[in-house]
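Q: Got chain A; can you put chain B on it based on the hints?
Protein chains: 2
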Amino acid sequence: MSSGEPATKKSKTDALPEHLSGIPEETKKVLIEIDAVQNEIDGLNEKASEEILKVEQKYNLLRRPQYEKRCEMIKKIPNFWCTAFLNHPQLSSIIDESEEQALAHLSNIEVDEFDDIKSGFRLRFFFTPNEFFENEKIEKEYNLGDTPSTTGTTIRWKEGKNLGKQKGDTSSPLSFFEWLSENVDPAHDDIAEVIKDDMWPNPLQYYLLPEMEETGDDFEELIDDEEGLEEVDDEGGSEGEENDA
Amino acid sequence: MSSGEPATKKSKTDALPEHLSGIPEETKKVLIEIDAVQNEIDGLNEKASEEILKVEQKYNLLRRPQYEKRCEMIKKIPNFWCTAFLNHPQLSSIIDESEEQALAHLSNIEVDEFDDIKSGFRLRFFFTPNEFFENEKIEKEYNLGDTPSTTGTTIRWKEGKNLGKQKGDTSSPLSFFEWLSENVDPAHDDIAEVIKDDMWPNPLQYYLLPEMEETGDDFEELIDDEEGLEEVDDEGGSEGEENDA
Chain A
1 MSSGEPATKK
11 SKTDALPEHL
21 SGIPEETKKV
31 LIEIDAVQNE
41 IDGLNEKASE
51 EILKVEQKYN
61 LLRRPQYEKR
71 CEMIKKIPNF
81 WCTAFLNHPQ
91 LSSIIDESEE
101 QALAHLSNIE
111 VDEFDDIKSG
121 FRLRFFFTPN
131 EFFENEKIEK
141 EYNLGDTPST
151 TGTTIRWKEG
161 KNLGKQKGDT
171 SSPLSFFEWL
181 SENVDPAHDD
191 IAEVIKDDMW
201 PNPLQYYLLP
211 EMEETGDDFE
221 ELIDDEEGLE
231 EVDDEGGSEG
241 EENDA
Chain B
1 MSSGEPATKK
11 SKTDALPEHL
21 SGIPEETKKV
31 LIEIDAVQNE
41 IDGLNEKASE
51 EILKVEQKYN
61 LLRRPQYEKR
71 CEMIKKIPNF
81 WCTAFLNHPQ
91 LSSIIDESEE
101 QALAHLSNIE
111 VDEFDDIKSG
121 FRLRFFFTPN
131 EFFENEKIEK
141 EYNLGDTPST
151 TGTTIRWKEG
161 KNLGKQKGDT
171 SSPLSFFEWL
181 SENVDPAHDD
191 IAEVIKDDMW
201 PNPLQYYLLP
211 EMEETGDDFE
221 ELIDDEEGLE
231 EVDDEGGSEG
241 EENDA
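Chains as they are written, first to last, in UniProt numbering: chain A, 1 to 245; chain B, 1 to 245.
If we strip away everything but chain A, and leave its shape as in the complex, we get (with noise of 0.2 angstroms):
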């Protein structure tokens, strides 16, 4: 408490707005005990975050070994990412024809949640050698506090072979390469949220897919109609993300 001010605790109901100043005595007083209750609610509402947090934190942990042998697996698949980033009806739209031959390279991705979650994640994609960059690995980070930021790798492009975006045209939305090149606003980079919730979560109903056409109705219709492996569906999902913990 400063020394300079009078040492009067102001009442609580002192403490409304200046526009509700006028109102009687009486109201005052209960909406004065609605707000304790309502910040009674608020802690609840608080510690069931808390809680959700923490199975969601478990459960990234349970799924880790899972995601790994599925990369081992991929691995194992050629042309996998890049058939599945085709098949996909948003990435497959960003994707341009000059970018295929370097996303054939892509030969592993990685999704991270922050320990916490909430704070951010981070993309990781690996490439075989190419005739594109040098990077093996080009990572992207997205943090998510109190000043939503992203960082990513500086792409070493090979002499001619630059797929980044030449800066000024920014009428057109981002190439893949573009993207992977770019440090776009973490609260608009949907690209990195479809990679994140959609892709990452199932990438084999992509792959499975005949290559598609991009019209959102069919798209359903392709995945209900595949007699494909038992129990590929399109609801995947990790639950973590839609959370507001």
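Be aware that one or more of the hints could be misleading.
One copy or any two copies: either way a pair holds, since identical chains are not told apart in the list.
[What the hints assert, rightly or not] EDC-like mimics (lysine to aspartate or glutamate), calculated; alpha carbons at most 16 angstroms apart, straight line:
1) Lys69 with Glu33
2) Lys29 with Glu72
3) Lys58 with Glu46
4) Lys75 with Glu26
5) Lys28 with Glu136
6) Lys47 with Glu18
7) Lys158 with Glu141
Think of the hints as simulated: they come from the structure by calculation, not from any bench.
A: The following block gives chain B in isolation, referenced to the frame of chain A:
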């Protein structure tokens, strides 16, 4: 198993989608393995959803007495709900001037999620005797199961006082009492969502706002600027509804 068919069991590798039938046997085997791991991941996702659901159920029960206490207190504040609705950025925009008089009779609201949360919820609106309709309670129930549907109390309007929509004018958005008297497709009932997920978790914050201009940008500022009751924040949302449990 139908007795007319041969009893040979299809091998798993035969179960691939047709367009993949030409791929090497080795690749097929790996795809089957990936599918098995994917099923394990899906199983873990399901377990996570179930555990999260249990947390939500627990806190729904824990919050109930606080919500009931809050309702009783709110009843003592003249015009509480009407004021809160008129101060809410989205709800205020659907309240016709002609409806404000009727809305002033809204004395109590109850929001109940079904016990299993995912199958739906119920909104109840209680009114004091008024010149517009006979009902003391108007209920809307949202069933979100396999075939989502809404059911609601039929409003018994007094003569010449019908605030519900004259069918045919479907171009403009529903006003509040039009919404209250119609059964909207539950998947697109934004009004229900806003009441359930924004107004209900913390109506006090809206009651306390000075009358709003409808500009989204000023809204957050207004809340932040309020030198109001302590800890009246805008994040009191229930986290339950955001899990794809």
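Q: Each hint: holds or not?
A: Hints, one by one, checked against the model:
For a Cα distance limit of 16 angstroms, the shortest separation of Lys69 from Glu33 across copies, 10 angstroms, qualifies, whereas the shortest one inside one copy, 55 angstroms, does not. In this assembly of identical chains, Lys29 and Glu72 lie within 16 angstroms of each other by CA distance solely across copies; the values are 14 angstroms between and 64 angstroms within a copy. In the homo-oligomer, the alpha carbons of Lys58 and Glu46 lie at most 16 angstroms apart only across protomers (13 angstroms), although the nearest pairing inside one protomer, at 19 angstroms, exceeds that limit. Taking the shortest Cα distances, Lys75 and Glu26 sit within 16 angstroms of each other only across copies (13 angstroms), while inside one copy they are farther apart (71 angstroms).
Proximity of Lys28 and Glu136 under a CA criterion of 16 angstroms is satisfied in neither setting, with 65 angstroms inside one chain copy and 27 angstroms between copies. In this assembly of identical chains, Lys47 and Glu18 lie within 16 angstroms of each other by CA distance neither inside one copy nor across copies; the values are 32 angstroms within and 50 angstroms between. Taking CA atoms no more than 16 angstroms apart as the test, Lys158 paired with Glu141 passes in neither setting, with 24 angstroms inside one copy and 61 angstroms between copies.
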